[in-house]
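Put together the whole structure using the sequences plus the hints.
Protein chains in written order, with our numbering: chain B, 5 to 530; chain C, 5 to 530.
If you're looking for bench data, these hints aren't it; they were derived computationally from the structure. The structure displayed is predicted, hence computed values, not measured ones. Keep in mind that the hints are not guaranteed to be accurate.
The list treats identical chains as one, so a pair stands whether inside a single copy or across any two.
[What the hints assert, rightly or not] Cross-link-like lysine to any residue pairs, in silico, SDA-like; alpha carbons within 20 Å at most: (1) K109 / S12; (2) K259 / F310; (3) K235 / S251; (4) K428 / I25; (5) K272 / S303; (6) K75 / I297; (7) K305 / S29; (8) K109 / E9; (9) K105 / T209; (10) K428 / N30; (11) K219 / D207; (12) K214 / R472; (13) K256 / P294; (14) K286 / I25; (15) K235 / R21; (16) K235 / N309; (17) K109 / G240; (18) K197 / G212; (19) K105 / Q154; (20) K447 / E295; (21) K497 / F483; (22) K75 / Y307; (23) K75 / E306; (24) K305 / S186; (25) K290 / Q154; (26) K105 / R21; (27) K447 / I405.
Protein chains: 2
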Amino acid sequence: MPQVEYQSISPADFFYRNREIAGFSNPSRATYTAVRELIENSMDACEVQQVPAEIFLRISEVPDNRNTETKIYVMRVEDNGTGLPAEHIPQAFGQVFYGSKYELKQARGTFGLGGTMAVLYGQITTHKPVQITSSTGGDIHEFVMNIDIQNNRANILKHTVKQNPSGWRGTAIELQMDGDYSRIMYRLIEYLKQTAMVNPYADITYIGPKGRLYKFERGTEKLPPLPVGVKPHPHGVDVEAFRRLISVTKSKNMKTFMMDNFQGVGNKTAERFLELAQISLKARPKMLSPEDILRIVRSTKEYGNFKRPDASCLSPIGEELMETGIKKELGLTDEDYIKVVTRKPSTYLGYPFIVEAAVATGKNVRKMHGSGITTYRFANRIPLLFDESSGVVWKAANKNINWKTYNVESDTSVVVAVHVCSTKIPYKSVGKEFMADQPEVEKEITNAIREAARGVRGFMSRRFRLAREKRRLNIFNKFLPKIAEFSGRLAEKDTPNIEPLLRVVSTDIHEVEKKLEEVPEIVEES
Amino acid sequence: MPQVEYQSISPADFFYRNREIAGFSNPSRATYTAVRELIENSMDACEVQQVPAEIFLRISEVPDNRNTETKIYVMRVEDNGTGLPAEHIPQAFGQVFYGSKYELKQARGTFGLGGTMAVLYGQITTHKPVQITSSTGGDIHEFVMNIDIQNNRANILKHTVKQNPSGWRGTAIELQMDGDYSRIMYRLIEYLKQTAMVNPYADITYIGPKGRLYKFERGTEKLPPLPVGVKPHPHGVDVEAFRRLISVTKSKNMKTFMMDNFQGVGNKTAERFLELAQISLKARPKMLSPEDILRIVRSTKEYGNFKRPDASCLSPIGEELMETGIKKELGLTDEDYIKVVTRKPSTYLGYPFIVEAAVATGKNVRKMHGSGITTYRFANRIPLLFDESSGVVWKAANKNINWKTYNVESDTSVVVAVHVCSTKIPYKSVGKEFMADQPEVEKEITNAIREAARGVRGFMSRRFRLAREKRRLNIFNKFLPKIAEFSGRLAEKDTPNIEPLLRVVSTDIHEVEKKLEEVPEIVEES
Chain B
5 MPQVEYQSIS
15 PADFFYRNRE
25 IAGFSNPSRA
35 TYTAVRELIE
45 NSMDACEVQQ
55 VPAEIFLRIS
65 EVPDNRNTET
75 KIYVMRVEDN
85 GTGLPAEHIP
95 QAFGQVFYGS
105 KYELKQARGT
115 FGLGGTMAVL
125 YGQITTHKPV
135 QITSSTGGDI
145 HEFVMNIDIQ
155 NNRANILKHT
165 VKQNPSGWRG
175 TAIELQMDGD
185 YSRIMYRLIE
195 YLKQTAMVNP
205 YADITYIGPK
215 GRLYKFERGT
225 EKLPPLPVGV
235 KPHPHGVDVE
245 AFRRLISVTK
255 SKNMKTFMMD
265 NFQGVGNKTA
275 ERFLELAQIS
285 LKARPKMLSP
295 EDILRIVRST
305 KEYGNFKRPD
315 ASCLSPIGEE
325 LMETGIKKEL
335 GLTDEDYIKV
345 VTRKPSTYLG
355 YPFIVEAAVA
365 TGKNVRKMHG
375 SGITTYRFAN
385 RIPLLFDESS
395 GVVWKAANKN
405 INWKTYNVES
415 DTSVVVAVHV
425 CSTKIPYKSV
435 GKEFMADQPE
445 VEKEITNAIR
455 EAARGVRGFM
465 SRRFRLAREK
475 RRLNIFNKFL
485 PKIAEFSGRL
495 AEKDTPNIEP
505 LLRVVSTDIH
515 EVEKKLEEVP
525 EIVEES
Chain C
5 MPQVEYQSIS
15 PADFFYRNRE
25 IAGFSNPSRA
35 TYTAVRELIE
45 NSMDACEVQQ
55 VPAEIFLRIS
65 EVPDNRNTET
75 KIYVMRVEDN
85 GTGLPAEHIP
95 QAFGQVFYGS
105 KYELKQARGT
115 FGLGGTMAVL
125 YGQITTHKPV
135 QITSSTGGDI
145 HEFVMNIDIQ
155 NNRANILKHT
165 VKQNPSGWRG
175 TAIELQMDGD
185 YSRIMYRLIE
195 YLKQTAMVNP
205 YADITYIGPK
215 GRLYKFERGT
225 EKLPPLPVGV
235 KPHPHGVDVE
245 AFRRLISVTK
255 SKNMKTFMMD
265 NFQGVGNKTA
275 ERFLELAQIS
285 LKARPKMLSP
295 EDILRIVRST
305 KEYGNFKRPD
315 ASCLSPIGEE
325 LMETGIKKEL
335 GLTDEDYIKV
345 VTRKPSTYLG
355 YPFIVEAAVA
365 TGKNVRKMHG
375 SGITTYRFAN
385 RIPLLFDESS
395 GVVWKAANKN
405 INWKTYNVES
415 DTSVVVAVHV
425 CSTKIPYKSV
435 GKEFMADQPE
445 VEKEITNAIR
455 EAARGVRGFM
465 SRRFRLAREK
475 RRLNIFNKFL
485 PKIAEFSGRL
495 AEKDTPNIEP
505 LLRVVSTDIH
515 EVEKKLEEVP
525 EIVEES
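Written out as structure tokens, the structure is:
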């Protein structure tokens, strides 16, 4: 009979063995994932610091005359963010599930996994240590280290402290990895472009393996407001969360406990809620029985009068910044249609979220994307580039919207960009590839696209009529001189000067445009 | 300036916070995932024991007059598997990343996560402990426990040891969870049915919340051969794996090290490979420099003459068992077409895998599934029921195969069932929803379906001709008696006895069928 042996493995060892679920499934995909994880860490660090991000990325090839499909690359990412305190640097990049303390607010990275996975993948494919340089404004600390994967901890090889006369603040990380750049180049540059699109205050410089420079310059210095941590909403709480709150509370009775620990719970709400849960207002939190706790948690789902979740923990891009970013990166002009809509906060499973959608069309859109609906998907300002047709945005834009209502024909190019921000993005994998179709999120996305598309019908009509008008005037331009010449000859006179006539007809263009502007907006289908 | 705080969280805490990535995204999905994780543990335990599985599942509702969408259910799963030694029970169900020792062989569960997640989800939604009873043939141990999520360890509330006069062997687990059965009932029963389909030696009994009994009886006592653990194949090794082998090796030199630690490396291969890697045959493994190790690992990708990976670590279902299972669960008869193909072992990224495919069509298939291609997907004998169109099987069956070549019209019902077994299934998430389209796997799946579909064209032609023939005979049956009667009257004689005539024509049916059997097989398109 075979003997079964048992073992416990560390989180680092788990993700080393199952790296594909964190997005490191093959050399090209790993190259992409490593870059995005490092850049997202940098973007978060800049936002905490409330400075317009300056990100520098360089990927260079290590010369090598071997006959393998993959190459070894040196990857370097620098930022001007808040910097890491020296004592946290080794764990932040050398320990899985170690990260900035979880708060109930929007952030790009929430898994405490991405940066460490990039280091881990580099290590297992090249056997080279990582070099991390960081300062929070004081001394500059430089660590050379690798990961003890079996024990999930950083193994420091060298730690150097340098003076920082210029007061530099930020983080630079440099690692080597075995990758496949050629197969992922297009996506990687697209990722940077889309990152620039929804982070228009960021300046991103990228130098690729062939020495080519890509620059994504910021379009504004304006930053969206920093999200603030909030107390949990009672609707989303479970037994474990409730138990943890009780274990650390200083509240003397359940009424103050409810008011102190949950958002939007005042005097009245606390009283009514506890009555429903059959808990005395004066009950001492630490004396609750397991049954009491269960009854309270189940009652939160039943009690219908809590306030909507507080959305100050969210940081939408905003209509102005999102428009700036999209116009800049898609090269749109004032001749194109673009409308951005930021919806009101909503919730799913107790998590607050906000949907923003942009719809753009026009001749510059046509030039860049061929025809059909092109979707751009963003979650907490991260572009999502893979598994498009599995995601909820694709479903909303292609299945839920009837584009014919908007005068959009199958050969019209339309761009739909959707940004979802939430304390909890409904990702389906640690690799952050696409969002699941939670019904509330899907509905909000669909409504946001509808709202942003409302002006498209009018825009299309105006474009058709303008085109017709221009064709008409072109005919004048073409034939009037000939008619004039012919008439002159016929009358045996000089050709008459048609300039004034043409000018009269031509100035009409503006008149026409002005009139077309006054065409009433089309009312949205309900 | 906001202060960033840092923290480390335990694996249990990570999956508590991100339970959707393990398949526990909402109450109905969690109900489904909990059942499948427990059943898969049980199936694995029975296979290790090499007994035909007997699985008992019961879900009952806890009476409750609350006004919530979800209900509290008691879930109980019992098996006759190998049983857990008492000292491992608490960790096996109370510690994330604790499981049977990882070996290079096929198994359903490899994440060390599923069973514990079911317990964890039950705990955070109901605050109730789990009860686990198990025996490996000696005393029966019963544990009542919960999980200390923050510290990722089991918290034993009660441990009882009982005598076991009947020599019972197996495991029973009973837990409570807040779930939503009504929305997932269909999928859950479908899951059990498909499990029965690819595990035809298993007997599964299920009693649902309304007391209804579902029984999936075994169709055979025959078990597929147990997969055996193998040494790693050199092609799939990375620096970390190599380093670990070196740290525990007793080999004195690199030549014996290569032969001792890798599959398919003999004298000659070891010599040639080490020459390519520029490592002396006599080099001592523990003296290798990091550069040496990197060179060896990179050379494994370059060296083209390793043997194919050993597939004895895999356990395909086999053509006979797979046919038994599908016929049984789809209710097919000998009148239907079914062909099962087990392909030769192949590899992707160094992992061995085998693809098995079944194609079925016929009037009983039509009745059960409407029209179109119905796919069933299995990975290491686990049915995959979600995200069908994202998976590689859907792509292979719908995009890669031109069904018209097989005389399959759009209104013909065809079932395609694909089983992939591997030491590493290319899942895209911990929730085991669908397989990624690794090119080698996709190619094998497509070829397997083609091979199994080869007889479909002939079957369809036979069906058409048989139908025509039957129609013809029906006409005889209908009109011959009338003609006989009419002729009799016309000749003023008794109606002649047409029975012998009809019998002659009718026995033709068998003749026709026999002849149609002799129609040559259609050659597959290349």
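For each hint, the structure was consulted:
no., hint, verdict
1, K109 / S12, "between (33 Å within a copy, 18 Å between copies)"
2, K259 / F310, "within (15 Å within a copy, 71 Å between copies)"
3, K235 / S251, "within (16 Å within a copy, 49 Å between copies)"
4, K428 / I25, "both (19 Å within a copy, 12 Å between copies)"
5, K272 / S303, "within (16 Å within a copy, 72 Å between copies)"
6, K75 / I297, "between (56 Å within a copy, 17 Å between copies)"
7, K305 / S29, "between (40 Å within a copy, 16 Å between copies)"
8, K109 / E9, "between (42 Å within a copy, 14 Å between copies)"
9, K105 / T209, "neither (29 Å within a copy, 46 Å between copies)"
10, K428 / N30, "between (28 Å within a copy, 14 Å between copies)"
11, K219 / D207, "within (8 Å within a copy, 63 Å between copies)"
12, K214 / R472, "neither (48 Å within a copy, 68 Å between copies)"
13, K256 / P294, "within (18 Å within a copy, 60 Å between copies)"
14, K286 / I25, "neither (48 Å within a copy, 39 Å between copies)"
15, K235 / R21, "between (36 Å within a copy, 16 Å between copies)"
16, K235 / N309, "within (17 Å within a copy, 61 Å between copies)"
17, K109 / G240, "within (14 Å within a copy, 41 Å between copies)"
18, K197 / G212, "within (14 Å within a copy, 52 Å between copies)"
19, K105 / Q154, "between (24 Å within a copy, 14 Å between copies)"
20, K447 / E295, "neither (36 Å within a copy, 55 Å between copies)"
21, K497 / F483, "within (19 Å within a copy, 99 Å between copies)"
22, K75 / Y307, "between (59 Å within a copy, 16 Å between copies)"
23, K75 / E306, "between (57 Å within a copy, 12 Å between copies)"
24, K305 / S186, "between (51 Å within a copy, 18 Å between copies)"
25, K290 / Q154, "between (39 Å within a copy, 19 Å between copies)"
26, K105 / R21, "between (26 Å within a copy, 13 Å between copies)"
27, K447 / I405, "within (11 Å within a copy, 36 Å between copies)"
The structure does not agree with the numbered hints 9, 12, 14, 20 stated previously, though it agrees with the rest.
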